[in-house]
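**Student:** Residue numbers (full-length UniProt numbering), protein chains in the order written: chain A, 1 to 146; chain B, 1 to 431.
What the hints contain is simulated information worked out from the structure, not anything from laboratory work.
Treat the hints with care, since some could be wrong.
Stated by the list, open to error - Chain A regions said to be covered by chain B (calculated; three or more residues, Cβ under 8 Å):
1) 19-29
2) 86-100
3) 123-129
For glycine and all other residues, C-beta sits at the position ideal for the given N, C-alpha and C.
One letter stands for each residue in the lines below.
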Amino acid sequence: MSKKTLTLMSKDKQLFNIEEHLAVQSVTIRNMVKEDGASSVIPLPRVDSETLALVIEYLNRQQAPEEDEDYVKKFVDERGEIPTLLELAQAALDLDIKKLMDAACMKVADLIKDFTLEEVREALRIENDRTPEEEKAIRDEFQWAF
Amino acid sequence: MASPHQQPTTIENLPGELLSEILIRIPAKPLARMRCVSKPWNAVLSKPSFIKSHLHRSMHDDDEILLVLADGGLCVPFSMTAHFSQSPRLELTNFIKLPVMLSQYESETVQFLGSVNGLICFCYQSDNDDFPYHITLYTDLVIQIWNPSLSTVLTLPPFQLLPNRYFDFTNVYFRFGYDPKTDDYKLVKLMSRSQEWLQVEVYSLRKDSWGLLTQRFPSHVIEIDNEDSVSVDGYDGRLHWLGSIGKEKKLRTIVAFDLGMETFSETSLPHSLIDHNVSWLDTLGVIAGKLCLLSCTENLKCEVWVMNEYGVAESWVKHDLLSELSGVIYPYGFTLSNKFLYVTFADGIGMYDQISADTKIMGMTSLHRTYKIVRYVESLVWMAPIRSSILKTVNRVRAGVDLQAWLTLTLIVCEVTWGFNNTYRKKMVQI
Numbered sequence: 001m002s003k004k005t006l007t008l009m010s011k012d013k014q015l016f017n018i019e020e021h022l023a024v025q026s027v028t029i030r031n032m033v034k035e036d037g038a039s040s041v042i043p044l045p046r047v048d049s050e051t052l053a054l055v056i057e058y059l060n061r062q063q064a065p066e067e068d069e070d071y072v073k074k075f076v077d078e079r080g081e082i083p084t085l086l087e088l089a090q091a092a093l094d095l096d097i098k099k100l101m102d103a104a105c106m107k108v109a110d111l112i113k114d115f116t117l118e119e120v121r122e123a124l125r126i127e128n129d130r131t132p133e134e135e136k137a138i139r140d141e142f143q144w145a146f
Numbered sequence: 001m002a003s004p005h006q007q008p009t010t011i012e013n014l015p016g017e018l019l020s021e022i023l024i025r026i027p028a029k030p031l032a033r034m035r036c037v038s039k040p041w042n043a044v045l046s047k048p049s050f051i052k053s054h055l056h057r058s059m060h061d062d063d064e065i066l067l068v069l070a071d072g073g074l075c076v077p078f079s080m081t082a083h084f085s086q087s088p089r090l091e092l093t094n095f096i097k098l099p100v101m102l103s104q105y106e107s108e109t110v111q112f113l114g115s116v117n118g119l120i121c122f123c124y125q126s127d128n129d130d131f132p133y134h135i136t137l138y139t140d141l142v143i144q145i146w147n148p149s150l151s152t153v154l155t156l157p158p159f160q161l162l163p164n165r166y167f168d169f170t171n172v173y174f175r176f177g178y179d180p181k182t183d184d185y186k187l188v189k190l191m192s193r194s195q196e197w198l199q200v201e202v203y204s205l206r207k208d209s210w211g212l213l214t215q216r217f218p219s220h221v222i223e224i225d226n227e228d229s230v231s232v233d234g235y236d237g238r239l240h241w242l243g244s245i246g247k248e249k250k251l252r253t254i255v256a257f258d259l260g261m262e263t264f265s266e267t268s269l270p271h272s273l274i275d276h277n278v279s280w281l282d283t284l285g286v287i288a289g290k291l292c293l294l295s296c297t298e299n300l301k302c303e304v305w306v307m308n309e310y311g312v313a314e315s316w317v318k319h320d321l322l323s324e325l326s327g328v329i330y331p332y333g334f335t336l337s338n339k340f341l342y343v344t345f346a347d348g349i350g351m352y353d354q355i356s357a358d359t360k361i362m363g364m365t366s367l368h369r370t371y372k373i374v375r376y377v378e379s380l381v382w383m384a385p386i387r388s389s390i391l392k393t394v395n396r397v398r399a400g401v402d403l404q405a406w407l408t409l410t411l412i413v414c415e416v417t418w419g420f421n422n423t424y425r426k427k428m429v430q431i
């Protein structure tokens, strides 16, 4: 009997095939399969195709359990760009793939923890929503942390 | 599978859940700085639920770091060293900078009062040139709560009840704990004179003030053991003392203080130990969230008794946890990760992991010093009490005269800034 295959559909309507026993590492997919076993295509409206390709690559890994920790670390290390890591972390969070989510968030945290405020805002494209006066007030308050 | 060019992700259009998942993995000090990034970040970082999750994560991190605080001996300064529990002999250098006050004061005046959730409470004698350091003048006692992960320190306001005279044999005991129900940190001060318990005072971090209790410490308890060497007590919102009853001090009891209700209660010891000779080695601790008693028998074999159901004397169960260890050991207690800490004359401080049956030696012991061991925890607790200046009133007393008659209110203007510029200034203005 051939292994059962699932089809996942990304936000931009691309289709990806993956064997069911690998796909169910995602708790979200596992629950969908349980509830609605016969479903042919699983839509993932929040995950773009580039990110979904990465997630599928991760789910398809052939790692011995004892090497898994190192593998997932290396996997995210190789995708050191913050926007990619954020997309990956968000997808792993939505799909409930704990190890991947942990590793991706840890990588982002490690990257930004020594950044200056300006660098954090630039890397994560955050708008400074304080007026210069408000900015000065809060910087004065937390001056001891700089 | 090529996709059309997409807008790069911005964290603002990602849900707050992802932001929290990332921020929770950042140490406390950079997080304090990141409150300045934007208003939504400040909102996430100041949420009590986030602060608690961050603390929880730090406490359950596998790379446990233990801080060893050594009281000073004669001519030896107070010291603190940090060690990974995986390789405890190695000292982590430059891991934590002691507050300036701790490193500059004569060691014997510094006293460690307790530690919980990454906060360390200690006291020291402020400058008083008229008296030698070893004479404790409670009026000049400065009590502080220190958050090493944020490098911040808070000076407590003065308490009300002071010993009457210098040499009246008044004992003062302090203990520091956390109450999860009210999310508050409290310092309890017990005072006894001529075997009589005086009114109890409790400091609340939330209120930043001391309060007097109406209930007193149980009067039939003559003596207490105030040791809290590993400082894991107080996690369930209670502090515990091992007390002896009656003039002969043969009977024993456990006195508990509920930090939320601010009431005392008593719990019986295991039946077989109630009238067993009091050993100075006996100590209370917490193992896997349960109150335990480390009891050393006459042949210096240590037994661990665990109270399975809190407050139920019948639920004490003897555990044969330490049968692997031989020889004379001085039990300290259990770490947060349930490793047993002890001292031997030959090796100094040792750490025994019951699960792997593995013993690690930390070493570094001197008979003249007392060691306290606490877990280092990244903590955002008490993020911002340090403003550019804090006004604190302190009782100060003219030297050599009856204390209470000469209470002088002094305003201390403290300006504390640590970290990069590392300065500590204290100005005193008398009114």
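**Student:** Would you mind marking each hint as holding or not holding in the structure?
**Tutor:** Against the structure, the hints:
no.: 1; hint: 19-29; result: violated (count 0)
no.: 2; hint: 86-100; result: holds (count 5)
no.: 3; hint: 123-129; result: holds (count 6)
The structure shown violates just one earlier hint, number 1.
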